[in-house]
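**Student:** Using the sequences and the hints given, assemble the complete structure.
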Amino acid sequence: MKETVIKKFEELFGADALLYTSPGRINLIGEHTDYNGGFVFPGAVDKGIVAAIRLNGTDRVRAYACDLGESSEFGLTEEDKPAESWARYIFGVCREIQKRGGVIGGFDTTFAGDVPLGAGMSSSAALESTYAFALNDLYNCGIDKFELARIGQATEHNYCGVNCGIMDQFASVFGKKGCLMRLDCRSMEYAYFPFDPKGYRLVLVDSRVKHELVGSPYNDRRASCERVAKVLGQEFLRGATMEQLDAIKGQISEEDYKRARYVIGEERRVLDVCEALERGDYETVGKRMYETHWGMSKDYEVSCEELDFLATVAQECGVTGSRIMGGGFGGCTINLVKDELYDGFIAMAKERFNARYGHEPKIYDVVISDGSRRLE
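So the sequence shown is residues 0 to 375, counted in numbering that gives the first Met the number 0.
Treat the hints with care, as some may be off.
Stated by the list, open to error - Only pairs whose alpha carbons sit at most 16 Å apart, straight line, appear in this in silico EDC-like list of lysine to aspartate or glutamate:
| no. | residue 1 | residue 2 |
| --- | --- | --- |
| 1 | K286 | E274 |
| 2 | K257 | E300 |
| 3 | K297 | D307 |
| 4 | K297 | D369 |
| 5 | K349 | D307 |
| 6 | K197 | E253 |
| 7 | K197 | E339 |
| 8 | K337 | E315 |
| 9 | K361 | D280 |
| 10 | K361 | D113 |
| 11 | K337 | D364 |
| 12 | K176 | D195 |
| 13 | K7 | D45 |
| 14 | K98 | E146 |
| 15 | K286 | E315 |
| 16 | K98 | E83 |
| 17 | K144 | E78 |
Everything labelled a hint here was simulated from the structure, so no lab data went into it.
**Tutor:** Here you go:
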């Protein structure tokens with residue numbers, strides 16, 4: 000990717016670009032908890048976005064997306080919002096830096112990525128984090144890493160129409176090789192947990208399916224959680240118990256009850272996994288992953304037939320843990336697999352999925368990696 004973006008940059012804009020990168024992420028457990036003030040447990044991965052950037056001394060941005068073969072040019076005021084959806088991520092980052100008092104100008108840039116699109120690994124957060132980190136560095140804005148993550152989140156909210164939580168951008172900015180991170184999305188406290196599952200491998204099985212959905216199911220589920228929190232007299236569902244939820248069951252819809260039941264259970268599962276990792280107890284980690292999958296499937300209703308099929312195949316193959324990763328409705332399962340079962344599981348998943356759905360899933364081995372940084 001470095002060679003690709005440098006070559007294209009030199010072709011379009013000349014020499015002397017600097018290189019920056021930010022990774023995509025996995026999330027071991029803690030799905031749809033971030034916007035509920037709960038805990039998440041992500042890690043940065045060895046796939047991400049690489050951008051070549053050089054300041055151009057104007058008030059215009061000239062950007063080229065190598066993977067799409069598309070260019071965009073735009074200014075830095077609100078009315079300059081570009082037509083291209085991918086360019087809005089870069090534009091949004093510029094605007095959010097300006098809103099925080101950062102003084103920035105125009106630049107030329109090319110970028111490329113190897114985060115699998117649609118796999119739930121947050122290519123958009125990697126893109127936002129790359130430009131937030133780079134512009135902060137190039138213009139000496141003095142913005143701290145947490146605020147860089149918030150800039151990415153605010154870009155999604157204000158320029159891309161996705162009311163996301165903070166996890167994806169946090170993981171991309173704060174990633175640390177060989178560590179997962181537990182983030183408390185209410186207090187923003189975080190801790191690194193060494194993740195070195197000897198005898199196990201982490202692998203994503205990508206269904207290559209993305210179901211087109213009417214409306215915004217993500218925002219609908221967030222609204223469900225907010226309604227229940229309000230009835231409970233809380234800002235978020237964080238900290239609520241099943242006893243409290245059952246006590247108000249008659250005051251909320253059956254759908255809202257199921258959504259909240261999943262979130263309350265998921266908060267407990269994240270903490271269980273943290274404790275299990277400290278003991279080196281990967282069997283408990285795996286059990287909680289399966290519980291998360293079926294909670295997302297039955298209560299939160301963000302799974303799909305193909306992902307349920309992959310989780311079932313994993314269970315039948317003796318895989319330690321498997322679950323949907325990401326927002327749902329397609330994408331990947333994340334699997335914790337014993338080394339000796341790995342080859343058999345992958346072969347079986349490919350064979351049975353192909354027989355059922357007419358194509359093989361893609362397989363991505365996951366290596367936990369570093370976060371946003373400048374490349375030499």
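**Student:** Each hint should be assessed against the structure and marked as holding or not.
**Tutor:** Hints and how they fare:
Restraint check for K286 and E274: the C-alpha separation of about 13 Å stays at or below 16 Å, so the hint holds. Note on K257 and E300: the hinted pairing holds, with a Cα-Cα distance of about 9 Å set against a maximum of 16 Å. Under the criterion of a C-alpha separation no larger than 16 Å, the hint pairing K297 with D307 is consistent with the structure, at around 10 Å. Annotation: proposed proximity of K297 to D369 is violated, straight-line Cα distance about 35 Å (limit 16 Å).
Taken as a hint, the K349 and D307 pair is honoured in the structure, with Cα atoms around 15 Å apart against an allowance of 16 Å. Among the hinted pairs, K197 with E253 is inconsistent with the structure: their alpha-carbon atoms are about 43 Å apart, more than 16 Å. A distance of roughly 12 Å separates the Cα atoms of K197 and E339; the hinted pair therefore holds under the 16 Å criterion. With a C-alpha separation of about 14 Å, the suggested pair K337 and E315 falls inside the 16 Å cut-off, and the hint holds.
Distance hint between K361 and D280 is unfulfilled; the C-alpha atoms sit about 28 Å from each other, more than 16 Å. A threshold of 16 Å between alpha carbons decides the hint, and for K361 with D113 the separation of about 14 Å falls inside it, so the pair holds. For a cut-off of 16 Å, the pair hint linking K337 to D364 stands: about 13 Å separates their Cα positions. Pair hint K176 plus D195 holds up; C-alpha atoms about 10 Å apart against a cutoff of 16 Å.
Proposed proximity of K7 and D45 is contradicted: the alpha carbons are some 23 Å apart, above 16 Å. Distance check on the hinted pair: K98 and E146 sit about 12 Å apart at the alpha-carbon level, within 16 Å; holds. Only pairs whose Cα atoms come within 16 Å are accepted, and K286 paired with E315 is accepted, the gap being roughly 14 Å. With a C-alpha separation of about 22 Å, the suggested pair K98 and E83 falls outside the 16 Å cut-off, and the hint is violated.
At roughly 28 Å between alpha-carbon atoms, K144 and E78 are farther apart than 16 Å, so this suggested pair is violated.
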